[in-house]
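Trainee: Top line first, the protein sequences correspond to chains A and B. Residue 335 is where the first sequence ends in the working numbering, and the numbering goes up by one at each step. Residue 335 is where the second sequence ends in the working numbering, and the numbering goes up by one at each step.
There's no promise every hint is true.
One copy or two, it doesn't matter: identical chains are merged, so the pair holds either way.
Unchecked claim - Below, a list of computed lysine-lysine pairs in the DSS-like style, where the Cα atoms sit at most 25 Å apart: (1) K2 to K203; (2) K116 to K170; (3) K2 to K209; (4) K228 to K128; (5) K28 to K280.
Read the hints as simulated data drawn from the structure, not as lab findings.
Spelled out from the first residue to the last, the chains are:
2 protein chains.
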Amino acid sequence: MKKIINDPKNYVQDEVEGIIAAYGDRVKLVNDDFRMLVSNYPRKPGKVGIVTGGGSGHLPLFCGYVGKGMLDGCAIGNVFASPASSKMADLIRACDSGSGVLCLFGNYGGDLMNFKMACEDADFDDIKTEILLGTDDIASAPKDKASQRRGVAGIVYAYKIAGAAADQMKNLEEVCRVTKKALDNIRTIGFALSPCIVPEVGKPTFEIKDDEIEVGMGIHGEKGIEVKKMMTADEIAQLSIDKILDDMPLQQDDEISIMINGLGATPLEEQMIVFGAVKKILDRKGIRVYMPHIGEYATSMEMAGLSITAFKLDEELKELLRYPASTPFYTNENK
Amino acid sequence: MKKIINDPKNYVQDEVEGIIAAYGDRVKLVNDDFRMLVSNYPRKPGKVGIVTGGGSGHLPLFCGYVGKGMLDGCAIGNVFASPASSKMADLIRACDSGSGVLCLFGNYGGDLMNFKMACEDADFDDIKTEILLGTDDIASAPKDKASQRRGVAGIVYAYKIAGAAADQMKNLEEVCRVTKKALDNIRTIGFALSPCIVPEVGKPTFEIKDDEIEVGMGIHGEKGIEVKKMMTADEIAQLSIDKILDDMPLQQDDEISIMINGLGATPLEEQMIVFGAVKKILDRKGIRVYMPHIGEYATSMEMAGLSITAFKLDEELKELLRYPASTPFYTNENK
Numbered sequence: 001m002k003k004i005i006n007d008p009k010n011y012v013q014d015e016v017e018g019i020i021a022a023y024g025d026r027v028k029l030v031n032d033d034f035r036m037l038v039s040n041y042p043r044k045p046g047k048v049g050i051v052t053g054g055g056s057g058h059l060p061l062f063c064g065y066v067g068k069g070m071l072d073g074c075a076i077g078n079v080f081a082s083p084a085s086s087k088m089a090d091l092i093r094a095c096d097s098g099s100g101v102l103c104l105f106g107n108y109g110g111d112l113m114n115f116k117m118a119c120e121d122a123d124f125d126d127i128k129t130e131i132l133l134g135t136d137d138i139a140s141a142p143k144d145k146a147s148q149r150r151g152v153a154g155i156v157y158a159y160k161i162a163g164a165a166a167d168q169m170k171n172l173e174e175v176c177r178v179t180k181k182a183l184d185n186i187r188t189i190g191f192a193l194s195p196c197i198v199p200e201v202g203k204p205t206f207e208i209k210d211d212e213i214e215v216g217m218g219i220h221g222e223k224g225i226e227v228k229k230m231m232t233a234d235e236i237a238q239l240s241i242d243k244i245l246d247d248m249p250l251q252q253d254d255e256i257s258i259m260i261n262g263l264g265a266t267p268l269e270e271q272m273i274v275f276g277a278v279k280k281i282l283d284r285k286g287i288r289v290y291m292p293h294i295g296e297y298a299t300s301m302e303m304a305g306l307s308i309t310a311f312k313l314d315e316e317l318k319e320l321l322r323y324p325a326s327t328p329f330y331t332n333e334n335k
Numbered sequence: 001m002k003k004i005i006n007d008p009k010n011y012v013q014d015e016v017e018g019i020i021a022a023y024g025d026r027v028k029l030v031n032d033d034f035r036m037l038v039s040n041y042p043r044k045p046g047k048v049g050i051v052t053g054g055g056s057g058h059l060p061l062f063c064g065y066v067g068k069g070m071l072d073g074c075a076i077g078n079v080f081a082s083p084a085s086s087k088m089a090d091l092i093r094a095c096d097s098g099s100g101v102l103c104l105f106g107n108y109g110g111d112l113m114n115f116k117m118a119c120e121d122a123d124f125d126d127i128k129t130e131i132l133l134g135t136d137d138i139a140s141a142p143k144d145k146a147s148q149r150r151g152v153a154g155i156v157y158a159y160k161i162a163g164a165a166a167d168q169m170k171n172l173e174e175v176c177r178v179t180k181k182a183l184d185n186i187r188t189i190g191f192a193l194s195p196c197i198v199p200e201v202g203k204p205t206f207e208i209k210d211d212e213i214e215v216g217m218g219i220h221g222e223k224g225i226e227v228k229k230m231m232t233a234d235e236i237a238q239l240s241i242d243k244i245l246d247d248m249p250l251q252q253d254d255e256i257s258i259m260i261n262g263l264g265a266t267p268l269e270e271q272m273i274v275f276g277a278v279k280k281i282l283d284r285k286g287i288r289v290y291m292p293h294i295g296e297y298a299t300s301m302e303m304a305g306l307s308i309t310a311f312k313l314d315e316e317l318k319e320l321l322r323y324p325a326s327t328p329f330y331t332n333e334n335k
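With the rest of the complex left out, here is chain A (with noise of 0.2 Å):
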């Protein structure tokens, strides 16, 4: 394992100590056990609060999404570990300010699990709480079980939604329904060309041929659709819009941004490539590409691959995207 850090046991405040040092003005932690980040940013009185939490290995997801015009707060998990839920609770109740908070996180089991007893418990305190989870990888089930899927890099739009509403001071229903249309028209498709190596196993999470390229991962290396000889850029753009319009039928002049996220170890000029051979089949089938967002937005630490996720917009998803956001590592400022 070869890897720059101190202590394998200590990955996590490690890395969550370097967060604050970077950027302590900004973001906080909520006590001093390293596993709760909340804004630092001034909060507007009575704002809905939108919080999220899931395992660490994936920044800048989940906790660099917490500043302005984005999430609240973030439970930190282990590496790919959920947080407790007890964590999760205290997180809601540090970023309630009396109009309820939004739960928005990845569907997996212990997130799901955990972030249910913690509503229930935020529920004692009188804070209203709503769950809404992402779902936009199209490989981990079919489209009648869509409900299934895994939560992956599209939910990083979702916290920009989400998160644009809530600043605009719309009440939690408001937040809850706009979060909701962002989900239902977000879809990804990953790739893995390479393992990561999980700092206190100390081991690869999945072995993967010189010349073999995975399919449909997910970004805990979970099983994708299909194992293939490596692909080149046109190929996996090709198939990734293949894959993305039979599960979401776009037709022309349809307005979607993209996003090509590099999972870790994904050089930006392949990123860019890929970006590339995606637009031209786009502008083909005249579908117009809005605010592309590329580069790494949920990682799997050294994994090397990128998903493509793309996110249909009307107008309403439009004006929440543009509108301004700003977290250590996050801003579309420049989008």
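For chain A, the structure is supplied; the task is to place chain B on it using the hints.
Mentor: Just chain B, lined up with the frame of chain A:
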């Protein structure tokens, strides 16, 4: 070679096409050979032009910094190879608004030779030019031969300072004065854990054992100071600060910006851990950190490793570092 690309021969063109497909509203090509990128933001009349150039394979370096408040243009070479002097000359012409052009680039033989020829060429058109070189890599030559040092990630700070000064309508002499001051106060040291592969070559640039780290390696895989047994994040931070302070003494209450630059395959978690370690060392010395830059600024495609840069600031440099800049790959809006 496991890369998400098409024909290796088209690597640079495919990448630049992707950049234009994504950000064509903000950057544009000078002609259709994909070798010169210039800003498409409104240009202030009479502004000093800031241009750079260098080989591909380092995104966001070099062309990712073309935009508002940084570079006006960039000449693009093949992977790890200098652009042609004729392209540089065309670029200088395209970026001159009558007040002259600063050519600001890393200290590499090919780039320097070609930019010198390009400046001579521009002189025929009565375009005033100046050349300033990034020489921040302290591992590449001893202090008494500092002018022979290579330029690495620290040049991004110099782009920022030069771009801000030009945007404030300072004249060429003033832009050069303050950029020179910045360059004199930047020091970098790099660490490599794995090689990268030049697409058209198809094999790794160097070899390194599973339990070894190359201290002081350049961004093209140039030999470092020594190969050591794998180090912890704390050890890397300590060695870096020791070497940087040995070269550029700092005192209590001095202010510096720190850049932790991932070389391509190093997870953001590890970058944050190293930043946390660096910050602790500096805190103990009473050296203050202003506006840290953590992420990928100058990469070697899929090379694993990182570099640490210190940029010593005064009030003038702080104001220019803080001055707004926005390019498709950089903004300081959330730093």
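Trainee: Name the hints, by number, that the structure is in violation of.
Mentor: 4
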